[in-house]
Structure formats: structure tokens, C-alpha cells
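**Q** For reference, the chains in residue letters:
Number of protein chains: 2
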Amino acid sequence: MPFRSQPENAILEKIHRSFRVAPRGRNARASRNSLPLGMGDDAALFSPSPGCQTILTCDWFLQGTHFLRDKHSADAVGWKSLARAVSDIAAMGGTPRCFLLSLALPQDATSAWLDAFLVGLRRAAKRFACPLAGGDTTKRREILINITVIGEVASGRALRRDAANPGDFIYVSGRLGAAQQGLQRLRKRRGAAGRANPRLQKHLYPEPRLALAGWLSTKRLATAAMDLSDGLSTDLPRLCSASGVGAIIDATSLPTVSRATASPSQAMNLALNGGDDYELLFTVPRNKAKKIPANFAGIPMTKIGKITKSRKVLLSGPSGLPKILRPQGWDPFL
Amino acid sequence: MPFRSQPENAILEKIHRSFRVAPRGRNARASRNSLPLGMGDDAALFSPSPGCQTILTCDWFLQGTHFLRDKHSADAVGWKSLARAVSDIAAMGGTPRCFLLSLALPQDATSAWLDAFLVGLRRAAKRFACPLAGGDTTKRREILINITVIGEVASGRALRRDAANPGDFIYVSGRLGAAQQGLQRLRKRRGAAGRANPRLQKHLYPEPRLALAGWLSTKRLATAAMDLSDGLSTDLPRLCSASGVGAIIDATSLPTVSRATASPSQAMNLALNGGDDYELLFTVPRNKAKKIPANFAGIPMTKIGKITKSRKVLLSGPSGLPKILRPQGWDPFL
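Here the protein sequences line up with chains A and B, keeping their order.
Residue numbering for the first sequence follows my numbering, beginning at 1 and increasing consecutively.
Residue numbering for the second sequence follows my numbering, beginning at 1 and increasing consecutively.
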């Protein structure tokens, strides 16, 4: 087989070998059945489930922009590149089914770095029951990653951004700002960090809120939802704009990082403007609010404000008049 | 709406505006119906057609690797980035339904370059009845493009690479090497080239063989198929390896570029090793060969050899013994 000697094929084979074992877990059988033809052909074939809509999302994960080669271990890059794309599936109330990996690598990343990257990526693929279906590889001076995730949701049950109504309560899952705090810690460290450090977990190994979002969708509890990727001050106005509404947030209610690790103003700034949390932001009609538990599978659920008719997005504090919440989250073009 | 002032949102709105009008054409209504939620949410929703499998493919298109900013017009980059990904859908015998665009841009490409890019991309999206469903944008020193195309094919009718049988005849569509010849011409020119030059069309504005591949799939004429993206000498061994077979190609039968524009050895080299043709390579059982016309909708169909039991991929010439066909097509890692 003469083509075996070609370098691109060698990389494809390494990826293929790494993902040969199908993922295990809750949705593993569904994933296998829905993917009759994976890697190796011009394209992959996916068998959609009856009664479901397909969810499509893609995400950049670029060296220098989204991760630093000297700070983020290849294992963490593998995990996070898939986790953040899967988070968009969660944000729709869906279940991931498979993903495509586009990878551009410098020559010096084609052996040890690639091996460790594939370990982290494969662990994430198993966790999310989301097998690799195909992709594209090429050579590049820097590591470029693009991941497309294909998911499914029962028809008509997707959690959209554009359906929040005035009077709905606004909730978030988890604690806001923990990922950004992890990044700040990482920047002060020497060398790369991997799985060992629990204070960096939220930044390096985010967990998309699949179970929570699936429950909200199935029980028809949420009117609108999105994942928090760029920070509450940037993401909440997006949800409001899509729904043609406004919001008022109670600053004192925000689930911030522990006061033992940050000053009150640092904690507030992280909660409002820190990116990469991949927590769920969702709205619930007032008459369904009592069905939202204080925590869901160990994740705190916090009511942080409500949707308003006025299109302004406001932040009210312990004293004084509410102020406009200005987007100060992550924007690659700033 | 405070978020409007943010630069990333400005770029997203430009893309959104450019694709607001749904594409027209044969499959336009199917495309609209199958895309109930496009851009603007966390992810897109796609309604799969009953009785169909979904086809998934993604492709890099990177400045410096796949195009040169000073040689390829932004319009051509827009067209080709989608056309080459759609070609993978054609290679499966399918119909494109929608695509995702991941775009990373330097600041100096966010106005005139982006506008022209979107014109070419939108024209391709209309031609292929393949609307934009979503994507991701970020900032980068160089222009990075990744395109995911979602297509469909009747269940069980996909044209795979792994189903060629010994004795099958091997066909190609079109003339091989014309795209590479166009690239050679482009490299000798000054400045960027766009739509005006017909001698560069095949390189700048490739046409995926959707109608031909759909016909082969519907009529069950082809056993295996793939598109020629990296050159016959690289791609044919891939098809053979996937099918566990070999092939013998008759060099004298290859549909090369016109002898008026290249010496016989140049023409042969272009036909064997030139990439980017996006013609269809397919195999047909001997008893169905008479159903393959000499041309299909104006595109020549040429029988170039046959599949063998031996796993070797051989090239026979006008004289002497057949030689091993060595992969000398495009490989980004060489």
C-alpha cells in the first residue's frame, strides 16, 4: 500500500487508531448506530434519529488566541477543544452525536504533542458519548483546531436564545468567573498545567451542562437558554437582543468565586466579565420557577434577575439606581 | 442594543446580512425547509429528510497553504472554499443542504476583502443550493477558513470509497490537470486574478460534480467513488486501499489538458499528479459500463483503467511493462 508512506496519511492513521474504540456510556449505542460510516471516506454518514432535529455547531480553538502552547497541556487542549463545542449542543438542550476534527499542525507537534492531544480529546469524546466522524488535517506553523459537533434534539424542543419573555426569571448554573480565575492563575505559573491542579480544572477541563440542559428541554421548563462562553455582560445582552427584551440583574445574587480567593470587586468583575465558564444561562416562566431546584446533580442553580419589556440590560446593586450592564466580556476583535 | 457596537458582532452582522436572502434554484425549497433555525443562536437546527442519511464533511482553506492573498481574489477564495467542501458531498453521491463557516480574519481583511469574499461565497451557496447555517469568527494575523458542509443521500445509496471490486472499470470526469495548469499560470502573473480569465477558471472556480454523482447514485451505476482533490496518483491508491484492491491505469487513455498548451510529458504529469481538479473518480461494474455515456451534461466521461485483485496500483504506457504508480500528488506534510 504505497500511500502508507505519505506523512499526511501517517497523521490520519494516528487519529484513526486513537478513535477506533467506540465510546462507552449512556448514549454510546445511539452514537454507534447513528454513524454507519466514519473516518476514511470523502465524508461521514450520519443516520438521524426519527422525530429529532439535527444540531450543528463549530468552534475555533487556535494556538495563541484560545490556548498557549507553553501554558496549556496538549491533553487539556484536546479536552477543551471538544468540550466547548459540545457546550453549544448543551445550550440547545440537545445530545451530542459525533464530531469532525480539523487539525493543522507544525511538524514538531506531530508526535508527542499529537499523542497527548488525542488522549485528552478521546477522554472528552467518551465522556460526552460523541465519537469522531471525520475531519481534515494539514500542516501549519501554529496549531489550528476547528471542531464541528453534530447533535440532536426532539423536534420543537430546542432551547433557543430568542424566546425569553418579560417576567421570566433568569438563572445561571455553577459559579461564574471560576474559569477566568483559573486562567489568571495559569498565567502566573511557570510551564504547562494539566489535570493535576484542581484550581485550574474549570479553565482547563470545562464540563458542558448536557444533563441540566436536556432536563430543562424535556420538562419544558426553560423559555430560552444559551451557554456562557464570553462572559455574562456580553452573553446576556445577546440573549436579550435575540428575544427582543431587556433584563435586570441583581448583582448581590450572582454566584461568584469564593471570597476566600478574591476580593469582592474582583469576584464581581470575574462573574460579570470572565469568559470560558460554559455554564448555562436560562430563563424560566415565573409559574415554573418553583420546579428549579437549588442544585441539579451537585451544580448550584441561581436566580440572578428577570427579563423586562424595556430593552435595556441593567445591573442593580445593594445601593443606588440600576446601571446599564456594558459588555466587557471576551471579544477577539478588541 | 449595546452589543451592536462590538466588533465581533459587526462582522457577524455583515455575514448575516449577506446571506439573509435564501438561495434560489432546484433544491432551494428543500434547503429552506430543512433549516428552521440558522445563524444567531448557539447552534443551527437542521431537519433531516425522511429516508436520508446525513453527509458530514469539513475542509481547511488557509492563506499561504491553500490560497495566496496577492494571487487569489477574495471572490475566488469565497467560491472555492465552499466548492471544494461541496465536492466531498458530490463524492458521496449526495446533495448539499447547508454549511457552517469558520472564519479568522486580520483587521485589514474585515472590510473590502470580507465583502468580496462574501460575494463569491454567496454565489457558490446559491449555485449549490447550500445556505449558510452558522459558524464562528475570530481575529488572526492571517486569513483562516474552515467550512463544514451538511448534505443528504438516500439511505444506503452513498457512493463510498471502499466498495470497488476487481474487474470494475475505472472512470474519471472532465480533463485532469487543468486546475494545476491554472495555478501554474496564476503564479506567473502579476497581481490577483478573479472571474475574468477563462484559462484560470478551473483553478479558481471549480464545479463540484453534483449532478453526475447524484445520477450515478440514483441509477446504482457506480460501485465506488471519490473526488480528485490531491491528484490521481495520490487519490486512486486511497480508493484502492479502502476497497482492498489494486488498479491498472492506461496512461494513453488519460483525459489530459490540451496538447496545444502543454508538452506530452507535462500534460501526463499534470493529469497524474495535479491537484484541485474536483473531478469524480468512480468505478463501474463491467456489465453496466455501456450505460456510462461519452459525456454527461457536457462533461467528458473517460474509462482510464480497471480494478484488479492484486493490491498494486499500476500505470501502463504505450510500451514496456506497467510501472507502480507512485503518489506524487499534493501532501501538506511534504
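Calculated from the structure, these hints are not laboratory results.
Using N, Cα and C, we set each Cβ at its ideal position, and we do this for glycine too.
Each hint should be verified, as a subset may be incorrect.
Counterexamples of contact, computed for chain B against chain A with all Cβ distances above 12 Å [unchecked claim]:
| no. | residue |
| --- | --- |
| 1 | Q201 |
| 2 | S253 |
| 3 | L321 |
Within a straight-line C-alpha distance of at most 20 Å, the following computed SDA-like cross-link-like pairs (lysine to any residue) qualify [what the hints assert, rightly or not]:
| no. | chain 1 | residue 1 | chain 2 | residue 2 |
| --- | --- | --- | --- | --- |
| 4 | A | K139 | B | K14 |
| 5 | A | K139 | B | R199 |
| 6 | A | K14 | B | A242 |
| 7 | A | K139 | B | L62 |
| 8 | B | K139 | A | K290 |
| 9 | B | K139 | A | K303 |
| 10 | A | K14 | B | S241 |
| 11 | B | K139 | A | T110 |
| 12 | B | K288 | B | A192 |
| 13 | B | K139 | A | K14 |
| 14 | A | K14 | A | A154 |
| 15 | B | K71 | B | R157 |
| 16 | B | K139 | B | H66 |
| 17 | B | K139 | A | V119 |
| 18 | A | K139 | B | S241 |
| 19 | A | K290 | A | R311 |
| 20 | B | K14 | A | S241 |
| 21 | A | K71 | A | T110 |
**Q** Now tell me, hint by hint, if it's right for this structure.
**A** Hint-by-hint comparison with the structure:
no., hint, result
1, Q201, "23 Å, holds"
2, S253, "21 Å, holds"
3, L321, "17 Å, holds"
4, A:K139 with B:K14, "30 Å, violated"
5, A:K139 with B:R199, "29 Å, violated"
6, A:K14 with B:A242, "16 Å, holds"
7, A:K139 with B:L62, "10 Å, holds"
8, B:K139 with A:K290, "43 Å, violated"
9, B:K139 with A:K303, "34 Å, violated"
10, A:K14 with B:S241, "17 Å, holds"
11, B:K139 with A:T110, "25 Å, violated"
12, B:K288 with B:A192, "45 Å, violated"
13, B:K139 with A:K14, "30 Å, violated"
14, A:K14 with A:A154, "35 Å, violated"
15, B:K71 with B:R157, "40 Å, violated"
16, B:K139 with B:H66, "19 Å, holds"
17, B:K139 with A:V119, "28 Å, violated"
18, A:K139 with B:S241, "23 Å, violated"
19, A:K290 with A:R311, "26 Å, violated"
20, B:K14 with A:S241, "17 Å, holds"
21, A:K71 with A:T110, "18 Å, holds"
Consistency with the previously given hints fails for numbers 4, 5, 8, 9, 11, 12, 13, 14, 15, 17, 18, 19, ordered from lowest to highest.
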